[in-house]
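With chain B fixed as given, assemble chain W onto it according to the hints.
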Amino acid sequence: MIDAALQGLGLLLSWPWILYPIAGTLFAMLFSATPGLNNSSLMALVIPITFSWDPLPVILLFGALVGGATFMGSVTAILFNIPGKASNAVTLLDGYPMTRQGRARTAISCAAMSSALGSTFGVFVLIALLPIARGAALSLGPPEYLMLAIWGLTLIAALSGGSLVRGLIMAGVGLQLAFVGHDPRTAEPRFAFGIEYLQDGLSLVPVLLGLFALAEVLDLMISGRGTLSGRQHADELGGSVSEGIRETFRHWGLLVRSSVIGVVIGAIPGIGGSVAGFVAYGHASHSAQDRSRFGRGEIRGVIAPEAASDAKDGGALLPTLALGIPGGTGTAMLLGVLSLHGLTPGRQLLTDHLTLVFALIWSLFLSNWLTSLLGLALVGPISRLSTLRTGRLVPAILVLAIVGATLYRGLIADAVCAVLFGVIGLAMKWRKWPRVPLVIALVLGPLFETNLHLTLRLQELGRIDFWSRPLVVVMLALIVLNLMLPILVRRVQSLRVLGRQDR
Amino acid sequence: MSHVSPYARRMLRASFDTLTLTALTGILAYQSLSLDRVAGSVPRTVLFVTAALIALQWALDLRREAWRSQTAVADSARDPVQASSPTAALAWMIGLLALVVLLGTALGSAIFCLLFLRRRAREGWWLSTAYAFAVGAGLVLVFRWLLGARLYPGWLWLH
Chain B
0 MIDAALQGLG LLLSWPWILY PIAGTLFAML FSATPGLNNS SLMALVIPIT
50 FSWDPLPVIL LFGALVGGAT FMGSVTAILF NIPGKASNAV TLLDGYPMTR
100 QGRARTAISC AAMSSALGST FGVFVLIALL PIARGAALSL GPPEYLMLAI
150 WGLTLIAALS GGSLVRGLIM AGVGLQLAFV GHDPRTAEPR FAFGIEYLQD
200 GLSLVPVLLG LFALAEVLDL MISGRGTLSG RQHADELGGS VSEGIRETFR
250 HWGLLVRSSV IGVVIGAIPG IGGSVAGFVA YGHASHSAQD RSRFGRGEIR
300 GVIAPEAASD AKDGGALLPT LALGIPGGTG TAMLLGVLSL HGLTPGRQLL
350 TDHLTLVFAL IWSLFLSNWL TSLLGLALVG PISRLSTLRT GRLVPAILVL
400 AIVGATLYRG LIADAVCAVL FGVIGLAMKW RKWPRVPLVI ALVLGPLFET
450 NLHLTLRLQE LGRIDFWSRP LVVVMLALIV LNLMLPILVR RVQSLRVLGR
500 QDR
Chain W
0 MSHVSPYARR MLRASFDTLT LTALTGILAY QSLSLDRVAG SVPRTVLFVT
50 AALIALQWAL DLRREAWRSQ TAVADSARDP VQASSPTAAL AWMIGLLALV
100 VLLGTALGSA IFCLLFLRRR AREGWWLSTA YAFAVGAGLV LVFRWLLGAR
150 LYPGWLWLH
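For the protein sequence lines, the chains are B and W, in the order given. Per numbering that gives the first Met the number 0, numbering through the first sequence is continuous, rising by one, with the last residue being 502. Per numbering that gives the first Met the number 0, numbering through the second sequence is continuous, rising by one, with the last residue being 158.
Isolated chain W, as found in the complex:
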């Protein structure tokens, strides 16, 4: 990427959303080719209109970016400290999902709450443990006993 000019990089950044949407539309368009005339008629029509709109939005984004000054780009560059935060937030969410898949809904959620409160919220042991216990017990009480729903038992216990 070192030989790519700053202008081209800016244009690429401005086009990120529309390129992603173009890729999505392209995949769906490719899939729609295998559909017969009846099943594919409406999706293909909507895809065609959506693709045209994405192209229009792309042109609008590029035109806007072309007008923007170099300083504005420098100003909008993200702080690396802030940028790491979304990754951490996503990691916590995926961590919860992994714990629920592995250990089951009640236990996985309780352990997640304990870890989150201790590591991220910097709460004390007493509050974190009580919170985690309340969440685990509350899930079983409300969903399993009161509502009769089936809570996911967890991959580790199933296998």
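Isolated chain B (complex conformation):
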């Protein structure tokens, strides 16, 4: 394991491979610091470019994209009260008041340092837990993988969109889309409607480009904002970088506790960085003696969410790499990219390609530090990005998305498919239907179906007894818990409200 870790580090630091995470980080920084765009859009746009590449540069690039540059979204949150992405939304609670007090540089440097240290914590926890996860992945059979796929789907459906039923419906629709093409056992065409394009199955790339890149850019166009942040000029920055760094180290206990929260929440599929940030913020305010300062420019309100949001990336990679269960959109795209390059997460990846896994982890580590250091150095020019005119950005992204879709297989039909999913993605965004369960079901569909068939066949042959496997029973209990918990929580909340009304 240590050899593989060192080899992975050697690969990352060797020429020209070092350029890939650096380039990935720079692009991720640009996208994360641009309100209205996000890393998912960038990843969707980058996937088609990497088709002809070897797995190593792809892994290095996506290591930087999947979790890097989270901190950049906090720059716009702190400066303009506009979070770059959902996970940066908590930082603005205290970050923006600090800007208004003339302490923008202090807040940004504190966010940068907390983010870098939080991600370092997450990466080292991931490395420490990888041998355990590897052992677990080796001991799992088809029934356990089947239950894991169902568990992942129900968990993401329950946690990603607010409504459990809507999430489950989207997971069901995603699975149906995954079934388009041929049956894996009989090769009989399924749901192809006599259309030649659909006979090879629905490709992940145009679907991702449509649902995330095109839907977002359409929304940006329709929003009618003249500039990305709605402001014409960036304000002058006040405060000091050294003060922010000193403050981060002064609150090291909070930093560690928030990082632990981030790693634990990140390892649970479907929860994501915003929840990790809010939980860490809640912990910071509850554990403080002077709670009243939170929300009015308290530095601890910046440290806690930043450390948790970045530490969660290490945690999120654990189920993705070890079990093939993605935690969110970013890891789902990573899973898709790995499959496109013939790498199957789980036992195969953790035994045959362990060096690549470590290259990915080190790339994430490098990307987070690079983002923090560059972000600090370039905070002035980056803050001006959000005053970029929407009209100048939209055509470039539209062109990249359409061209990206056609590049994949050289088919114009893929671009048509991307446009179709762009419209569907926009409608889903407006009508509050979660997109993440659909994408994750599309990614997990083959894993679900193959393991379901294998389980049924092994059961028929008497090679396994499904119900006597302890992990299957545990997973089943977790699935029931996933489905029942939102209903129980709602019931308890309504009983509390009724109780208060009675009093």
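Among these hints, one or two may not hold up.
[As the list claims (entries may be wrong)] Cross-link-like lysine to aspartate or glutamate pairs, in silico, EDC-like; alpha carbons within 16 Å at most:
#1 K428/B / D16/W
#2 K428/B / D218/B
#3 K431/B / D60/W
#4 K431/B / D16/W
#5 K431/B / D218/B
Treat the hints as calculated values from the structure; they're not laboratory data.
Then chain W, alone, in the frame of chain B:
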């Protein structure tokens, strides 16, 4: 539609999403009938569960709509000026696709950028032309020369 009561219209509007999903599930269910037992078993099971969930969501939507007051509906009615904007955005996206199909990736994208910047973003001729040229040349340079990818040549030049 003039004889349809406002209540029924509201219910229909509330059911739009679930009706669309029901139609999709219905089409897939009809298709799955032609599959044999082995190939159709998993899709039919998933379809059955999805259909049940859609029915549940439909009931939830209708119940929520029934509780909503008439004023809330009037408030949520969309501004016709805003409503025209999504159509325009979609038209631009489809226009780009049409230009790429007809003229090819590089030329179609460049012309799209020129038109978009002039007509929608109201930019000047110099910036629009330079931007369009940069996009066209950039696509050829990065994708064709550096990455060796095949850019779509365009229907007009192929036929």
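Honestly, which of those hints from before does the structure not fit? Violated hints: none; all satisfied.
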